[in-house]
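Novice: If you want the building blocks of each chain, they are given just below.
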Amino acid sequence: MEFKLFDLSIVEYAFFVTSVLIILIGLYAALVKKTLIKIVIGLSILDAGINLLLISIGYLKAGTAPIFSPALVKNMPLTLENIKKLSEGMVDPVPQALVLTAIVIGFGVTAVALSLVIRLYRHHHTLNIDEIKNLKW
Amino acid sequence: MVGSPVLFIAIPLLAAFLIPLLGFVWKESVRILPGLVLLYLLYLSLTLMEQVVHTGTIVEVIAGWAPPWGINLVFSPLTGLLTTLMILMGFIIWIYSYRFKNIDFQEAVKYFILLLMLITGSVGIVLTGDIFNQFVFIEITSISAYALTAFYKGRDSAEASFKYLMIGSLSSMFLLLAIALIYSQLGTLNMADIAAKAHLMKPEFKILALIFFITGLGIEAEIFPLNGWAPDAYAQAPGPIGAAFSGIVVKAGVYAMIRVMFTLFDVAGTHQFLIVIGIITLIIAEMSAVRQEHLKRMLAYSSIGQMGLVIVAFGIGTEEGVFAALFLMLNHAIIKSLLFLSGSYLVYHSTGKYISEVDGIARNLPITSFLFALGSIAIVGMPPFAGFWSKWSMLTAAAHSNLILIIGLVLSVSLIELVYYFRVLNRIYFFPKKKEVVVKKPTINALLAMGLLGLLILIIGFYPDSVTGYLHAASQSLLDKGKYIHDVLSTGQLLLP
Amino acid sequence: MKKILVLSLLAVFGVYLAEVLFKIDFGHQFFLNGVKDFYLTASPDKLKVANVVTSIVVNFRGFDTLGEVTVLFLATTAMSSILYKGRHKLGERAVLFSSSRIVMTGSKLLFPAIILLGVYVFVHGHLTPGGGFQGGVIIATGFLLMLLSYQDYQVSHVVLSVVESLAGITFASIGLIGLLNGGTFLHNFLHTGVLNNLLSGGVIPIIYIAVGFKVGAELTGLIYTALNEKD
Amino acid sequence: MTGAAVYSVVQRDLLYAVIGTGVISLILSILFLFLQAPDVALTEAAIGVALTTIIFIITIRNTVRYEEDSNRHSKPASK
Chain A
1 MEFKLFDLSI
11 VEYAFFVTSV
21 LIILIGLYAA
31 LVKKTLIKIV
41 IGLSILDAGI
51 NLLLISIGYL
61 KAGTAPIFSP
71 ALVKNMPLTL
81 ENIKKLSEGM
91 VDPVPQALVL
101 TAIVIGFGVT
111 AVALSLVIRL
121 YRHHHTLNID
131 EIKNLKW
Chain B
1001 MVGSPVLFIA
1011 IPLLAAFLIP
1021 LLGFVWKESV
1031 RILPGLVLLY
1041 LLYLSLTLME
1051 QVVHTGTIVE
1061 VIAGWAPPWG
1071 INLVFSPLTG
1081 LLTTLMILMG
1091 FIIWIYSYRF
1101 KNIDFQEAVK
1111 YFILLLMLIT
1121 GSVGIVLTGD
1131 IFNQFVFIEI
1141 TSISAYALTA
1151 FYKGRDSAEA
1161 SFKYLMIGSL
1171 SSMFLLLAIA
1181 LIYSQLGTLN
1191 MADIAAKAHL
1201 MKPEFKILAL
1211 IFFITGLGIE
1221 AEIFPLNGWA
1231 PDAYAQAPGP
1241 IGAAFSGIVV
1251 KAGVYAMIRV
1261 MFTLFDVAGT
1271 HQFLIVIGII
1281 TLIIAEMSAV
1291 RQEHLKRMLA
1301 YSSIGQMGLV
1311 IVAFGIGTEE
1321 GVFAALFLML
1331 NHAIIKSLLF
1341 LSGSYLVYHS
1351 TGKYISEVDG
1361 IARNLPITSF
1371 LFALGSIAIV
1381 GMPPFAGFWS
1391 KWSMLTAAAH
1401 SNLILIIGLV
1411 LSVSLIELVY
1421 YFRVLNRIYF
1431 FPKKKEVVVK
1441 KPTINALLAM
1451 GLLGLLILII
1461 GFYPDSVTGY
1471 LHAASQSLLD
1481 KGKYIHDVLS
1491 TGQLLLP
Chain C
2001 MKKILVLSLL
2011 AVFGVYLAEV
2021 LFKIDFGHQF
2031 FLNGVKDFYL
2041 TASPDKLKVA
2051 NVVTSIVVNF
2061 RGFDTLGEVT
2071 VLFLATTAMS
2081 SILYKGRHKL
2091 GERAVLFSSS
2101 RIVMTGSKLL
2111 FPAIILLGVY
2121 VFVHGHLTPG
2131 GGFQGGVIIA
2141 TGFLLMLLSY
2151 QDYQVSHVVL
2161 SVVESLAGIT
2171 FASIGLIGLL
2181 NGGTFLHNFL
2191 HTGVLNNLLS
2201 GGVIPIIYIA
2211 VGFKVGAELT
2221 GLIYTALNEK
2231 D
Chain D
3001 MTGAAVYSVV
3011 QRDLLYAVIG
3021 TGVISLILSI
3031 LFLFLQAPDV
3041 ALTEAAIGVA
3051 LTTIIFIITI
3061 RNTVRYEEDS
3071 NRHSKPASK
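Chains as they are written, first to last, in the working numbering: chain A, 1 to 137; chain B, 1001 to 1497; chain C, 2001 to 2231; chain D, 3001 to 3079.
These aren't lab readings, by the way, just hints derived from the structure by calculation. Source: prediction; values computed, not measured. Some hints could be false.
Unchecked claim - When the alpha-carbon atoms are kept at most 25 Å apart in a straight line, the in silico SDA-like pairs for lysine to any residue are as follows: (1) A:Lys133 <-> B:Val1290; (2) A:Lys133 <-> B:Ala1108; (3) B:Lys1153 <-> B:Ala1108.
What the hints assert, rightly or not - Counterexamples of contact, computed for chain C against chain D with all Cβ distances above 10 Å: (4) Met2001; (5) Asp2025; (6) Ala2042; (7) Lys2046; (8) Val2053; (9) Lys2108; (10) Leu2109; (11) Phe2133; (12) Gln2134; (13) Asp2152; (14) Tyr2153; (15) Ser2156; (16) Leu2198; (17) Leu2219; (18) Leu2227.
Stated by the list, open to error - Pair by pair, the computed Cβ-Cβ distance ranges are: (19) C:Phe2189 <-> B:Thr1055: 20 to 30 Å; (20) A:Lys61 <-> B:Gly1269: 54 to 64 Å; (21) C:Ala2113 <-> B:Arg1099: 23 to 33 Å; (22) A:Pro70 <-> B:Asp1480: 45 to 55 Å; (23) C:Val2015 <-> A:Lys34: 24 to 34 Å; (24) A:Ser69 <-> D:Phe3034: 42 to 52 Å; (25) C:Asn2197 <-> B:Pro1203: 46 to 56 Å.
Backbone N, C-alpha and C fix where the C-beta goes; we use that ideal spot for every residue, glycine too.
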């Protein structure tokens, strides 16, 4: 288990690798970039990376979506055992519910951030963070 | 049963949704409704608190699903104490801002919605027993806080707010990462369940999650590297909002951090870490406070310093230490709110809000100046006011744990505080007035709010026994991790579907 | 210089994070007694809701959703508070692009279809993928289309805030009725019906419809505020 | 997806950068579909691709389109 980084094919972990890369790119943009809109873009990229990470944590190989659709439960009396059997092949629904909430919250924060950007532009006529610094950063 | 803890969240939300509708019918109701809600909740929290201290923790289950499956609210002596404190402060701040000057109706609607949600979010952070739910409440609190920081239309307020938003949303991302890591290991989000299963986590996950939690929650708790937003936000926000930050939001942040460190994970060395980070925060903040020319910034740095002191006290880790920390939090909420509320009237007439502009203002504003002086003396820790007892309990706690360094630190910090608060008082009372300034006389409701706070300081100062019983119960409930887990998870046995 | 410092810090952070994440067995769940097994069985068995994500969002973790709706409500309030200029100056609508007659007619024809799709999505939230949020967002997109193609298209702020408030009050009141009726907040006090029927799941569809209206009204208001922001 | 992210960070024309984030959201929602999360995919498609992009574009309309260098122009007197 200790040397998983080396002996497993990287394809298995492509989702984790992608999400970590996206998180890093987002963090970089948010920390280094000087344009206010770029900083907000960085935040939304970071958000996307974390959402991908959460969903991939909940993934089950060859699993189905966590929906008991009519096609799935067809010709099957809905006893507790049948439900249990079906549910074993389903991906984890909890991270999906969390990501649903996180996406909406992230959108709210982005909207507030952008309205602040508009306010700042109205006062300063620039988006460059170096020229806006009135307060100590 | 008088009411359930869920009302602390449900009723303010209902009121917040109702306010825009009521505004169409009767404009004054927009200002009155939040006060009525807070008054009712204050009554509720006081009665529940009385009940909890005698009969034990109330665990409120939501949607009929027992923990760990459903979300639950925990009203223990600790969370109850903080809830009561927050709602009391919220009510006083509402009284103060009831006749908020020169804003029109549209702005008043937004102000009161945001203020109510700031209080509700903080109460939710404290009451909830589920980490993701806590994240949602943190977002509610932060969005209200960003908007309230930018409430005045000056250009610096937008900048302070943007800075706050940047740091805040980065940390909430870390919080989400921590939640993801915990979920990937334990498959649960309930705090008690996590605490019970924490030994199953791989150590790397535990440490990384703890680091993410500290970064995520440290921003609201104003610990050292993450408190860059605080002085600007305090200085630019309207006066009552500064009081709300230091009296309500910070308390919620500290609570969340302490809950994670004391209950969720038992990693060795957290106490030492708390002491170190608290001392760094304390020293840097107090040093900056001495150098400030700006009154509200000085108060903000003083507030950060006090939070550092609270964290050091938690770091002592004994029951006495936790008791001292909670006592400090209680006193700090009351006293610092009084300082913010009265201080914003002292510098109301000036544009720069500098300390040098309060010269001789005591002749114009005798009552406000007197209350400011009362607050300053109390926060420095002079007997017989409220601040003395909390600092005294901290000293005894440190002495019993043989932490001589902390005793020296507390004493020297008190000395520094003495220096910079008396510098202001000296100017207020003994400096000749430079020129005639048009001062703003405090309105009657502002005086009422400040008077109430002053009265609380005197009551706690002369009869500390009136609160110590609750504080002891609260500190025992924080340290008794097993009881917390048992209380929450045993609710499941009763309701198991 | 700062760039290099940040980059190297990020590299260290990324490698550490990846190393920890690689210890998670991708595609397998190894935790024992997690909450998900309970959700997956209780949702079709007890709540009669086919879409497990919906039953988690609306019922098991319904409190989160209440908070989330509040976050959107606050974002709208915050945005209009931040951009508020005083009662006299109402900004002129920003013109993103001028639209031709074809676009105008097209969007007029599309608009009812989009609204209908949104309503369908949130009414069937407990059966198929989608639900209140998705439906609400689709409705907001419909209004966005109209706002973009007609320069003088007005959405009444009064109507928006009434819809928003009423939907929010519905959600919170259902919770409180549950508290009075079943003893817990958001208790499912209606008959849960049969799995995969439209009228199943008790209060879940009602809450999701309220969420749909609320999200739709909030996002429309948010876009409208942003669009009317022109110096 | 990583490419789109890098593109939207380095692109100096903010409008294109914003469209880059839209592309990220689009790919992300397709990935969610692969990961058996149709609910989330639908939300991400609606919010990430449509609404976030449009609100960014509105902001750019109200401010400036190009990323500026530091100290490139003298700051106009603020209002």
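Novice: If a hint holds in the structure, say so; if it doesn't, say that too.
Specialist: Tested hints:
{"no.": "1", "hint": "A:Lys133 <-> B:Val1290", "verdict": "holds (23 Å)"}
{"no.": "2", "hint": "A:Lys133 <-> B:Ala1108", "verdict": "violated (30 Å)"}
{"no.": "3", "hint": "B:Lys1153 <-> B:Ala1108", "verdict": "holds (14 Å)"}
{"no.": "4", "hint": "Met2001", "verdict": "holds (14 Å)"}
{"no.": "5", "hint": "Asp2025", "verdict": "holds (15 Å)"}
{"no.": "6", "hint": "Ala2042", "verdict": "holds (18 Å)"}
{"no.": "7", "hint": "Lys2046", "verdict": "holds (20 Å)"}
{"no.": "8", "hint": "Val2053", "verdict": "violated (5 Å)"}
{"no.": "9", "hint": "Lys2108", "verdict": "holds (19 Å)"}
{"no.": "10", "hint": "Leu2109", "verdict": "holds (19 Å)"}
{"no.": "11", "hint": "Phe2133", "verdict": "violated (6 Å)"}
{"no.": "12", "hint": "Gln2134", "verdict": "violated (5 Å)"}
{"no.": "13", "hint": "Asp2152", "verdict": "holds (18 Å)"}
{"no.": "14", "hint": "Tyr2153", "verdict": "holds (15 Å)"}
{"no.": "15", "hint": "Ser2156", "verdict": "holds (20 Å)"}
{"no.": "16", "hint": "Leu2198", "verdict": "holds (18 Å)"}
{"no.": "17", "hint": "Leu2219", "verdict": "violated (6 Å)"}
{"no.": "18", "hint": "Leu2227", "verdict": "violated (6 Å)"}
{"no.": "19", "hint": "C:Phe2189 <-> B:Thr1055: 20 to 30 Å", "verdict": "holds (28 Å)"}
{"no.": "20", "hint": "A:Lys61 <-> B:Gly1269: 54 to 64 Å", "verdict": "violated (38 Å)"}
{"no.": "21", "hint": "C:Ala2113 <-> B:Arg1099: 23 to 33 Å", "verdict": "violated (51 Å)"}
{"no.": "22", "hint": "A:Pro70 <-> B:Asp1480: 45 to 55 Å", "verdict": "holds (51 Å)"}
{"no.": "23", "hint": "C:Val2015 <-> A:Lys34: 24 to 34 Å", "verdict": "holds (27 Å)"}
{"no.": "24", "hint": "A:Ser69 <-> D:Phe3034: 42 to 52 Å", "verdict": "violated (18 Å)"}
{"no.": "25", "hint": "C:Asn2197 <-> B:Pro1203: 46 to 56 Å", "verdict": "holds (49 Å)"}
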